[in-house]
Amino acid sequence: MTRISVKVDGTTYEDEVEPRLLLVHYLRDRLGLTGTPVGCDTSNCGTCTVDLDGVSVKSCSVLAVQTDGCAVTTVQGLAQGGELTALQRAFHERHALQCGYCTPGMLMAARDLLKENPRPTAGEVRHALEGNLCRCTGYQNIVRAVLAAASDEEVPA
Amino acid sequence: MTDGAVEAEVGRSRLRKEDARLLTGQTTWTDNIQAAGMLHLAILRSPMAHARLERVDVSRALERPGVVAAFGGSDLAEGMGSLPCAWPVTEDIVLPDHPPVAVDEVRHAGDPVAVVVARDRYAAADALEAVEVAYEPLPPVLDLEAALADDAPLVHAAKGTNRCYDWPMRAGEDFAAVRERADVTLKRRYHQQRLIPNAMEPRAVVVIPLAASGEYTVYSATQIPHILRVMLAVVTGVPEHKLRVVAPDVGGGFGSKLQVYGEEAIALAVARRLGRPVKWTESRSEGYLATHHGRGMIQDIEIAADRDGRLRGLKVDLLADMGAYLMLVTPGVPILGAFMYPAIYKMDSYEFNCTGVFTTRTPTDAYRGAGRPEATYAIERIMDELAAELGLDPVELRRRNWIRHEEFPYTSIAGLTYDSGNYEAATDKALALFGYDELRAEQRKRNERGDTVRLGIGVSTYTEMCGLAPSRVLRDLRYSAGGWEAASIRMLPTGKVEVVTGTSPHGQGHVTSWSQIAADVLGVPFEDVEVVHGDTRAAPQGMDTYGSRSLVVGGSAVHHAARKVVDKARKVAAHLLEASEQDLEFTGGVFSVKGSPEARKTIQEVAFETFTSHDLPDGTEPTINAEHLLDPENFSYPHGTHLCAVEVDTETGRTRIRSYVCVDDVGRVVNPMIVEGQVHGGLAQGIAQALYEEAVYDDDGNLLSGTMADYPVPSALDLPDFVTDRTETPAESNPLGVKGVGEAGTIASTPAVVGAIVDALRPLGVTDVTMPCTPERVWRAIHGEEGQA
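Protein chains in written order, with UniProt numbering: chain A, 1 to 157; chain B, 1 to 789.
Simulated from the structure, these hints should not be mistaken for lab results.
We treat Cβ as the ideally placed atom computed from N, Cα and C, and that holds for glycine.
Please note that the accuracy of each hint is not assured.
To be verified - Interface residues of chain B toward chain A, partial, derived using beta-carbon atoms under 8 Å: (1) P202; (2) H680; (3) M708.
Starting from the given sequences, assemble the full structure and let the hints guide the process.
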């Protein structure tokens with residue numbers, strides 16, 4: 001067991017964890033932060049994408065012990081005080097989700113893109129989301145939503 | 001809301017009520033559910049396609065830390081029935097036993113062998129390694145034709161054959177005679193590769209027992225909580241009234257969760273034995289072996305026509321891969337297709353036979369479209385071949401054969417009565433949006449120039465049968481249940497409305513669409529309606545969600561139930577307004593007396609007055625709530641025209657979709673935004689079959705495409721933008737005029753894409769490319785290694 005201290009969505013947690021524990025299982029099973037789902041076991045699907053110290057990562061490919069001293073933002077930390085972010089609103093308004101299982105990862109990956117490239121082209125959006133799979137939407141409305149959020153006046157949170 | 005200023009809800013792109021929690025991570029996926037003392041199940045699966053189980057020993061697993069129990073197949077067999085097949089399509093079908101955990105033989109890679117129960121998921125997975133199993137290998141059965149030979153090794157030795165069933169259909173004139181007379185006959189063989197459905201949420205099940213009273217709550221990532229409840233009662237012996245089944249948030253299905261899975265029965269049995277909550281969650285790679293596959297057919301199709309292109313007859317022979325066992329509707333999937341091969345075309349003769357074949361592979365069952373995409377693929381592909389043979393434009397050939405709009409209702413040669421349709425309108429609109437003539441002109445030029453990148457155009461004029469299904473038809477097809485749907489409406493004292501539906505959405509937006517339907521009939525605000533679903537305690541009756549049935553059958557049931565509420569409310573309102581019912585008008589949720597508009601009661605006020613019941617007419621039951629169970633009178637028949645332009649690089653074999661246009665006629669549309677989304681997603685899956693996906697097995701029966709890293713679910717980079725549009729020809733068989741949209745895109749798109757590739761390469765002598773049309777396959781076809789006439 002290893003002791004870690006990690007800040008998740010603004011709250012600091014200190015825990016003893018097995019060195020092999022995946023970050024996504026730490027979030028889901030230990031912290032009860034089940035907003036971040038698991039969709040595969042080969043890091044292909046991207047549903048578990050979170051922000052780790054400002055970088056987008058697949059939380060199935062990070063060990064909980066690696067996050068000691070880090071700050072993690074999950075989909076549950078996006079909306080502040082019940083106010084959706086521009087990206088979340090755009091996903092809603094452009095019907096960019098159906099079953100919604102890929103949505104947390106899509107939001108986190110798109111957020112990462114817009115931080116790097118606030119005015120992407122449709123092609124750049126498709127490239128940036130290549131590691132996040134969706135089986136419901138055919139991606140067209142996801143691309144539309146990200147472009148809409150990018151053209152929004154306010155900077156996405 | 002005031003009289004005369006009512007905006008109809010049906011037809012509006014209402015933003016979805018479902019989204020808020022999905023966008024913020026406040027979801028209840030089955031794997032999210034925790035319970036005090038909950039144990040985790042892990043399942044050891046056969047690494048071999050076919051073997052006798054000599055020994056299964058779980059004793060060392062029981063010594064591992066955190067392990068609470070472990071079971072082999074024989075340990076769980078007592079009191080456990082066979083997993084059900086609800087669609088034995090013929091009287092003499094071969095119906096093998098299907099134990100949830102194998103007892104003496106494993107029949108596909110992934111067949112469960114042992115179950116370990118531990119304190120957490122890591123401990124359970126670790127302990128699987130300590131289970132000792134001795135396998136005596138048996139020969140795999142993989143080739144559909146070889147499996148039918150007299151001396152073939154058998155999947156189920158006790159049954160004496162790998163032939164599961166033969167299902168024939170003959171309609172119209174004798175095909176042999178028609179073929180004899182025809183000017184042109186063509187015969188083709190098409191391969192429907194196996195596909196893995198890949199709902200983004202892996203399957204999961206949680207069972208929470210209440211040991212003292214023998215009650216169980218089963219949470220499952222399922223499309224069919226109601227059917228599952230009945231079937232789990234039958235399989236496990238837990239009385240049905242002691243079972244509550246909940247489908248919480250479910251992350252996609254596409255048919256893969258239209259199933260009664262062994263793991264659901266195992267989890268219930270283990271929770272019952274141990275008296276503790278249990279959870280099982282599949283890993284993606286495990287799911288590739290354990291969750292049913294789709295497609296898997298060899299199609300021999302023969303067509304006979306006059307020289308002017310008029311179809312005379314069609315003959316179809318299918319070999320359909322059942323896999324190792326018959327699951328819920330495994331045998332019925334190709335039979336749904338049987339009715340769709342004649343598609344939108346008129347002909348004099350139709351002959352069909354399907355032979356179901358057992359193999360040592362994961363069972364097949366419904367995957368988006370279920371039988372209808374396969375049928376559409378084969379007929380549309382051979383129509384293109386016929387057009388090429390006759391030197392006709394493929395759209396013109398279709399025009400010469402399709403049912404004209406003034407001919408509806410039209411009974412197809414397969415015996416379906418198409419109630420409505422307008423193929424001319426949808427096709428004309430699609431051709432214009434696509435720029436068909438311009439693209440054909442460009443294609444001619446590029447072919448003349450001998451471009452290395454060829455342009456190809458694919459056409460698919462499809463129809464499908466949706467709205468499953470009239471119960472009497474299901475009886476005739478030997479399906480074990482009915483096809484009705486249930487809805488009830490509860491008018492709450494504060495004016496809010498609960499719509500209780502038997503459909504079980506998992507991404508389709510029923511909460512939003514059903515709210516629109518109810519709001520229109522009741523004249524209440526959209527926001528005042530909540531939709532309750534997916535819990536057999538809260539929504540006790542239903543037939544669940546599959547086969548593009550939910551809106552057609554379930555949505556129509558909501559409409560009827562709401563009409564009944566208005567009828568009941570009218571009686572109460574008449575009493576309160578001291579008027580006769582005949583003198584009442586009902587508009588925008590308001591009852592008013594004709595000629596004296598100031599005398600009025602809203603239906604929400606009537607709901608409150610019914611709640612207090614202080615002043616109801618004598619003998620009136622104090623409720624305006626209502627329920628409606630609807631058995632559909634017919635299927636519904638969406639149709640449309642899909643056009644695809646591809647550019648194929650003849651040097652690399654790479655295909656790029658340049659444009660994709662579809663005009664679908666799904667009848668009246670409740671929510672255009674949701675309909676467009678359904679079409680997009682359907683297209684993605686149909687294109688994925690054409691270009692990318694295949695469950696590949698090696699000669700020993702190992703699944704080579706066994707992880708998401710090996711099975712190319714398309715990403716955003718692999719799919720184009722789509723141009724979608726609609727025509728609206730209302731269905732005649734339901735009050736909403738709706739037809740269903742969940743499967744249309746998948747059914748239509750596969751032949752449009754492959755047809756476009758073949759069209760691009762036809763000048764090079766290519767007449768077929770086997771799906772998926774990977775660059776290698778396309779390149780080989782160009783270089784004469786496959787697919788040339």
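Please flag the earlier hints that this structure goes against, numbers listed from lowest up.
none
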